[in-house]
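Q: What follows is the residue order along each chain.
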Amino acid sequence: MLTIKNLHAAVDGKEILKGLDLQVPEGEVHAVMGPNGSGKSTLAHVLAGRPGYSITAGTVLFKGRDLLALSPEERAREGVFLGFQYPVEIPGVNNVYLLKAAVNAARKHRGLPEVDAFEFLTLVREKMRLMRMDESMLSRGVNEGFSGGEKKRNEILQMLVLEPALALLDETDSGLDIDALKVVANGVNTLRAPNRSMVLVTHYQRLLEHIVPDRVHVLVKGRIVRSGDRTLAHELERRGYDWLLGEAA
Amino acid sequence: MSAALLTRLQEEYGAVHAALPESVTAAKRRREAIETLCAQGLPATREENWRYTNLRVLERARFSPVEDPAGTLPVLPEPLEGFARYVFLDGQLRSSAAAPRGVTVCSLRSQGAAGAGWEFGAQLPEARLALLNEAFATDAIAIEVPADAEPCGIELVFVAATAAQQGASYPRVRLALQSGARLSVVERHIGLADSASLVNSAVRVELAANAHLTHYRLQHCGARAVWFDTLAAQLAAEAHYELLAVSTGALTARSSVHARLAGAGAQFTLSAAALGEGAQSQDMYALSEHLAVRTRTAETFRGIASGRSRVAFNGKIAVRQSARGTDSRQSLRGLLDGPEAEIDLRPQLEIYTDEVRCSHGATAGKLDENMLFYLLSRGLAPEVAEHLLKWAFLEDVIARIGLADLRRQIERGLAGQLSEAATLQELL
Ligand SMILES: Nc1ncnc2c1ncn2[C@@H]1O[C@H](COP(=O)(O)OP(=O)(O)OP(=O)(O)O)[C@@H](O)[C@H]1O
Ligand SMILES: [Mg+2]
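Line by line, the protein sequences give chains U and W.
Note that our numbering has the first sequence beginning at 1, numbered continuously upward.
Note that our numbering has the second sequence beginning at 1, numbered continuously upward.
Same shape as in the complex, but just chain U (with noise of 0.2 Å):
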């Protein structure tokens, strides 16, 4: 599903991710975890196609396709969902008209006709029960006054009514308590599915508790320094990332 070779990206004339590697296969879900600033969040943003950074090295290939050619709307149509860190407030875009508009580009995409109204919002309300959001948010403006807990719960909404081949879903567990990320988790794992991977940004062992993960890679310095299976997990919740540092140089 998606393979990355030796990835260098710098913002602001600054490296971040400097030779990273990373091979997600279909139909597997993987965690990335690592410390403040080590580029997870550059990592997920590079790969939806955020402007401003600069790709100096390395490729990402896409279902065996170019990632880094398309643009960002391109990758979404073509199923690839990023679940921000800090989902933004659009105040006056609403947020129904917004996921609408989301599947009917997509649908447009795959040459699809438009999405029946009806049918749609039946859908969302039935996500919706899943991630137990009240159904008065979908008229609000996209985030708009949510708690970061809604807003989290937002993004897994888009992404249930998405559903993506490839989601990246950076810290959607950071700001929840504890029955929403039970929510939430209990979202992510209604999509895992044979061709559906997905990539799980976090800093807590706890989360991969309710979505276990097939990988766990920990990055650091702007590089995957250590892969292994779900029990990496627990060693860095003992022993943290000092360890590791090392390792980055």
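Rather than coming from a laboratory, the hints here were simulated on the basis of the structure.
Mixed in with the good hints there might be a few duds.
[Claimed, not checked] With a cut-off of at most 30 Å between alpha-carbon atoms, the simulated DSSO-like pairs for lysine-lysine come out as follows:
no., chain 1, residue 1, chain 2, residue 2
1, W, K366, U, K100
2, U, K151, U, K127
3, U, K127, U, K63
4, U, K5, U, K63
5, U, K151, U, K108
6, U, K127, U, K108
7, U, K63, U, K221
8, U, K151, W, K366
9, U, K14, W, K366
Bear in mind that the values here come from a model prediction, so they are computed numbers and not experimental data.
Mind docking chain W with the ligands on chain U? Use the hints.
A: Positioned in the frame of chain U, the structure of chain W with the ligands alone reads:
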């Protein structure tokens, strides 16, 4: 503004004044208007309050009015239910409806007795263009609502058809509400798509105690038109004047508004949106003058400048000594779309008394990149994402349009203006 222009103005006036209707404005009053104007001079770009108006267009225009508007009317907007519609072509009444019960609607050109005209009222420091209107007006519409009349609606549609080289049009309106009266007015200025017309309107609003006027003003003149406008409102105690202005048309549009809050507790709500694209300039000057206790002003402006356009809003709030307990709010925001676009927002406060609450904010900026990327990351095309954000930006003003049918018309118009593709419309 050159002396040559004033000379031409006087010559043109000399040539046509004998034929101008006495019932609209008395000859003596017209002459005084011209004399005052010549003494004061026409507004010039070097003046602080006119910096953003393209006044050079006057050099190529004829001041004299279109005398016999010929042309055919374009397709008019859908009528609004419950509104009596009056249509004007190049400033003169073309078709009228039955006036709402109890309300007097009078076209002074055809129905006015000699001396029925009114003075614009020259207190407004920026009323010079209204003097020009006073001197040349060929028709005027007087609307009077008696005390405690049933709430009702009137729509005025001003169509500009003739090119400026042939003559100008001078819409002239008076809205007078007696105490406790309520009225909604929709005032539209439209034009033939390609006509480079010169429109110079003058509107006078008088609200007696407790009267409530909701006034929608939509300026959608043709892309080559020049639209000048002066509006003066006088508010008695507890009167409420709600003005909603949307300006998207004309090559050069300038509106000067002066609200005098003369009675205790009078309230002025101004919500304005302006859209500039190409080489357009959209300029609005609003002076809210607080003269009595507990008077209130709430001003909201949202402007978007694209291309090489300029959008300006100069909002001045003056609180006189007699106006203790005044409350005024200003929220001015501009959106710059493109490196050559220009926005100028000027909130001004002039306070001569204590015990006032004034808050104002003015910000101009570009589309928020985080918002834009968020929308792109959901698969929206860049054009659609931009239009959605612009739309959202105007929402603070558009949402205040209480008349659902009218709001839909405006939304459709704006959607068309904001996007070449119909995508946005489909979304809504
Ligand atoms: N515009 C920028 N200019 C300079 N440095 C930047 C810029 N944007 C990000 N950085 C730096 O890049 C580094 C990586 O940031 P990134 O947000 O990817 O970290 P992260 O691993 O997601 O951290 P966290 O766990 O705190 O979310 C940080 O040191 C950050 O300060
Ligand atoms: Mg981060």
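Q: Are the hints correct? Go through all of them and say.
A: Here is what the structure says about each hint:
Restraint check: the Cα-Cα separation between K366 (chain W) and K100 (chain U) comes to about 26 Å, which is no more than 30 Å; the hinted pair holds. With a C-alpha separation of about 15 Å, the suggested pair K151 (chain U) and K127 (chain U) falls inside the 30 Å cut-off, and the hint holds. Using a Cα cut-off of 30 Å, the hinted pair K127 (chain U) and K63 (chain U) holds, with the two alpha carbons roughly 27 Å apart. Of the supplied pair hints, the one linking K5 (chain U) and K63 (chain U) holds, its CA atoms being roughly 14 Å apart against a limit of 30 Å.
Between K151 (chain U) and K108 (chain U) the CA atoms are separated by roughly 27 Å; this keeps the pair inside 30 Å, and the hint holds. Restraint check for K127 (chain U) and K108 (chain U): the C-alpha separation of about 22 Å stays at or below 30 Å, so the hint holds. A hinted pair counts as satisfied when its Cα atoms are at most 30 Å apart, and K63 (chain U) with K221 (chain U) qualifies at roughly 27 Å. Straight-line distance between C-alpha atoms of K151 (chain U) and K366 (chain W) comes to about 24 Å, which keeps the hinted pair within the 30 Å bound.
Among the hinted pairs, K14 (chain U) with K366 (chain W) is consistent with the structure: their alpha-carbon atoms are about 25 Å apart, no more than 30 Å.
No hint from the list above goes unmet by this structure.
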